[in-house]
Amino acid sequence: MKNKFQLKNGALLVIVAALAVFPFVSDSRTWTILLTQIFIFAILAMSYDILLGYTGIVSFGHAMFFGMGAYTTAIMLDRFEPTLSIFFLSIAVGMVIAAFVSFVVGLLTLRLKSHFFAMLTLAVSGLFLVLAEKWRTLTHGNDGFTFKAPEFFKDRMMFYLLVLVCLVLVYIFLRRFVDSPLGKVLVAVRENEQRTKSLGYHTLHYKVIASVVAGIVASLAGSLYAISLRFVNTSVLAMDITLDALLMTIIGGVGTLIGPIIGAGVIELAQHYLSGLAKDFPIFERWIIFFGIIYILAVIFFPKGIVGSIQSVFSKKKDKSFDPVLKRAKRKEVVK
Amino acid sequence: MELIINLTINGLATGMLIFLLAAGLTLIFGLMDVLNFAHGGLFAWGAFSGVWFYGLTNSFTLAIIGAIGTGIVLGFITEKLIIKPVYGNHIQQILITLGFMIVLSEMLKVVFGPNQIAAKTPPLLSGSWEIGDVIIIKYRLFIIVVGFLIFGIFQFILKRTKIGLIVRAGVMNKEMVQALGINIKQVFLYVFMVGAGLAALGGVLMAPYSGVIYAEMGMEFAILAFIVVVIGGMGSFPGSLLAAILVGLAGSFMAYYVPALSLAVNMMLMAIVLIFRPQGLFTAKG
Amino acid sequence: MMSTLLKLEQVHTHIGQYHILQGVSFEAKTGQVSVLLGRNGAGKTTTLKTIMGLTPASSGSVQLEETLITKHATHQIAHRGIGYVPEDQGIFGALTVEENMKVAMRKEDDMARERQEYVLELFPDLKKFWKKEGGYLSGGQKQMLSMARAFVNESKLLLIDEPSKGLAPVVIEKVMEAIVEMKKQTSIILVEQNFMMASRIGDTYTLIDDGATVHSGKMSDLVSNEELKRKYLGIG
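Respectively, the protein sequence lines represent chains A, B and C. So for the first sequence, our numbering puts the first residue at 1; every next one is plus one. So for the second sequence, our numbering puts the first residue at 1; every next one is plus one. So for the third sequence, our numbering puts the first residue at 1; every next one is plus one.
These are computed hints drawn from the structure, not numbers from a lab. Treat the hints with caution; some may be incorrect.
Now the stretches of chain B that chain A is said to cover, found in silico as 3 or more residues with beta-carbon under 8 angstroms [as the list claims (entries may be wrong)]:
#1 223-231
#2 241-249
#3 270-278
For lysine-lysine, the following DSS-like pairs were computed, each having C-alpha atoms within a straight-line distance of at most 27 angstroms [stated by the list, open to error]:
#4 Lys162/B with Lys102/C
#5 Lys185/B with Lys128/C
#6 Lys156/C with Lys159/B
#7 Lys162/B with Lys29/C
#8 Lys162/B with Lys127/C
In silico contact screen, one side only, chain B against chain A (beta carbon under 8 angstroms); selected entries [as the list claims (entries may be wrong)]:
#9 Ile94
#10 Ile96
#11 Phe100
#12 Val134
#13 Ile136
#14 Ile137
#15 Lys138
#16 Leu141
#17 Ala264
#18 Met267
Note that CB positions come from ideal geometry on N, CA and C, so glycine has one too.
Take the sequences, apply the hints, and build the full model.
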């Protein structure tokens, strides 16, 4: 067991190292930008996985935290000065705002049944979108505004490396989070909230914690996203962002953390190539249809996603349970 | 005074459109515990297909029939392909109906093009009446009349016919209805198709009201309909009418007096209801 | 010997992750009242629900006369002539007594109306409250309505879950009389905690413990078997 663990971490390390030297050996600007984009969305998708995969919460409003990060960074760099310290400060401010909002919204809505919660998150994030559109003095509405990024990021490579570092740190942080006793409770909530409650856990608190953590990480992704475009408009708050995160998580594999990263890669690459094809085949302008269909098929036939399916092929123990995490929990129960 | 009348008419007309969307949602939810996030897509398809039929036939009646037909067919497909495979699993349902929503609205763009389409008001219903200082736009009144008519018809069906009684009984206790020998899945399919037809009707009536139609309108109205369903009480048909009127009126008056709050007011209504009376103002279970 | 109407063989039922029935086997004969006995949580209600197809068996078989109904949908099982009176009576609270009956009646022909008349004679209270909403009925009236609903269609077998629960002794007496009357036309499987009642109207018994049948036989034998009663029912 331990060997396997080391093998997995070793493989991850090699991949990260390869990605870190990538911009030094390749001078493809397109690839650097594309990979940066993938990393940013991988961070967002991982944060979504905390909700959907680990806690079993379906939120349709995750874009609002992404948008908060993006707007905070954009506005602060625009109003003050485009320096690195302001940039880092803006990330922190964005996180605080996201933490506060996710805390309040979570406290009010997470006690509701999944339907209502999904609906409410949809409505609340819709509210933030409208707010951003109306508060033009601050956001310039749908037109958005451009701003200067810190000098340091003029070099795309530096930004690429920063985002990669963020990705790795977020992964380690979230991995520790889900492996901690607290993370185990979240999984228990996902599997059977009633039962977890009857064991004496105040499940609402745990769900709020999960939503705050997810909100903070999503805000970081938003801050990075704003820098990558040097521009921000209301699209960062749009439903599409939530859908992207949802798609990446489902297709990559819920409840795995690695899955959403792979999902982000798959979706961003496919988006890149499919929209490239649109010049010759206009149907590909609507590439999202294909994702919609794949997504629906995945939900019905392939609910474990890429990583989950691979895991279950490799895991020798036959278990009727669909879920790798549930399996682990069950084995523990048996041991007890 | 005329201002208040006009705002009331506006609010009622919007409320009726939301009601048509919410009526199906609330019954589908009450009967099968399915929250259909694709419902707004059916609304948008109703609008686009209706406008298309209108252009083709130049008859608004045929446009309405065509739109309802489209809605019913799409409802059939949705239930069979999308809802049935994940029946009983809430999270999968939420995820899959949202996915289908995307497919529906993107398909709209494939079929009808990605741009907004202008919608004409039929000549018979365009223009307005002037009664003293009050100007009443005919088409708005038409929507209100249709809304109440639909409500009346469905109230009659639900209260007086056997199938209606079965639907209401199903909302209260699914297991028992099955144990009495009723194939509830069949009933559910019909209710779903009728709900989709109502959503499509809402869509086609919406088109001349707003003047332009676009794929995203489905989601916009669906959110309002969700709010209405929560406020009215899941599964309650009269509740959805009253809540829809409430939301419509609140929107119309707020848009005039406190425009900044016009969207927030519905959200606040919903939040208050959810916090203090999570089962909604009316309840159908029991 | 009377013919076998319903036969369960090694029925196992799972609800979610819980393994509730772990080998239930028994037979119910035509024209008899078969009583399922056992402690709370032994699996009696689940046994009825499994027969009805509401919690389908994961293995084993349920056979009604010549037909295997294990995999049938609930409504098909009802159509084969099994009526169900659940523990909570399953009354549609916002519907009137009349409407409750209407939902239950599968055919509305002369025969069905005749049956309805007969049922209403059995339960005159229901006639009195014909236009009253089910939710406002008393516990006993709800029980009667639930039984009337199950009985209004031609049925071979009624499954009745704890009809005496929460009722006053006078009302229990009425319900018992009705069951005895119904028995003339249909067979009955009864779940009953009230041993007095069970022993008076039951012909045979089946003891269920921890999700499995442990004993079956004639009711008269159980009444005199103090050891069995003490072990599985905690009485005597």
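**Report entry** 8 angstroms C-beta test of the segment 270-278 of chain B against chain A, three or more residues
**Finding:** Coverage by chain A holds for the segment 270-278 of chain B (5 residues, Cβ < 8 angstroms).
Query raised in the report: Quick one, are Lys185/B and Lys128/C close enough, alpha carbons at most 27 angstroms?
Result: violated, 34 angstroms
Requested in this report: Under 8 angstroms, Cβ to Cβ, is where Leu141/B needs to be relative to chain A, so tell me if that hint holds or is violated.
Outcome: This hint is violated: Leu141/B lies away from chain A, its Cβ roughly 29 angstroms from the closest one there, beyond 8 angstroms.
Report task. Report holds or violated for the interface hint on Phe100/B, using the least CB-CB distance to chain A and a cut-off of 8 angstroms. Result -> For Phe100/B, the interface hint holds, since the closest Cβ of chain A sits about 6 angstroms away, which is under 8 angstroms.
Query raised in the report: At a threshold of 8 angstroms, is the proposed contact between Ala264/B and chain A supported by beta-carbon distances?
Result: Holds, because the Cβ-Cβ distance from Ala264/B to chain A comes to roughly 6 angstroms (cut-off 8 angstroms).
Requested in this report: Take the segment 241-249 of chain B, compare each residue's beta carbon with every beta carbon of chain A, and decide whether three or more fall closer than 8 angstroms.
Outcome: This one is violated; 0 residues, fewer than the three required, reach chain A with a Cβ under 8 angstroms.
**Report entry** Interface hint for Ile136/B, Cβ within 8 angstroms of any Cβ on chain A
**Finding:** violated, 30 angstroms
Query raised in the report: Holds or violated: is the Cβ of Ile96/B closer than 8 angstroms to a Cβ in chain A?
Result: holds, 5 angstroms
Requested in this report: Identify whether the interface hint at Ile137/B stands, where standing means a beta carbon of chain A within less than 8 angstroms of its own.
Outcome: violated, 26 angstroms
Requested in this report: Establish whether the coverage given for the segment 223-231 of chain B by chain A is satisfied; the threshold is a Cβ-Cβ distance below 8 angstroms, and no fewer than three residues must meet it.
Outcome: As far as the segment 223-231 of chain B goes, the hint holds, because 4 residues have Cβ atoms under 8 angstroms from chain A.
Query raised in the report: When you check the alpha-carbon spacing of Lys156/C and Lys159/B, does it fall within 27 angstroms?
Result: Violated, because 32 angstroms separates the two Cα atoms, which is more than 27 angstroms.
Query - Residue hint Lys138/B, partner chain A, criterion CB-CB below 8 angstroms - result: violated, 31 angstroms
The earlier numbered hints that this structure contradicts are 2, 5, 6, 7, 12, 13, 14, 15, 16.
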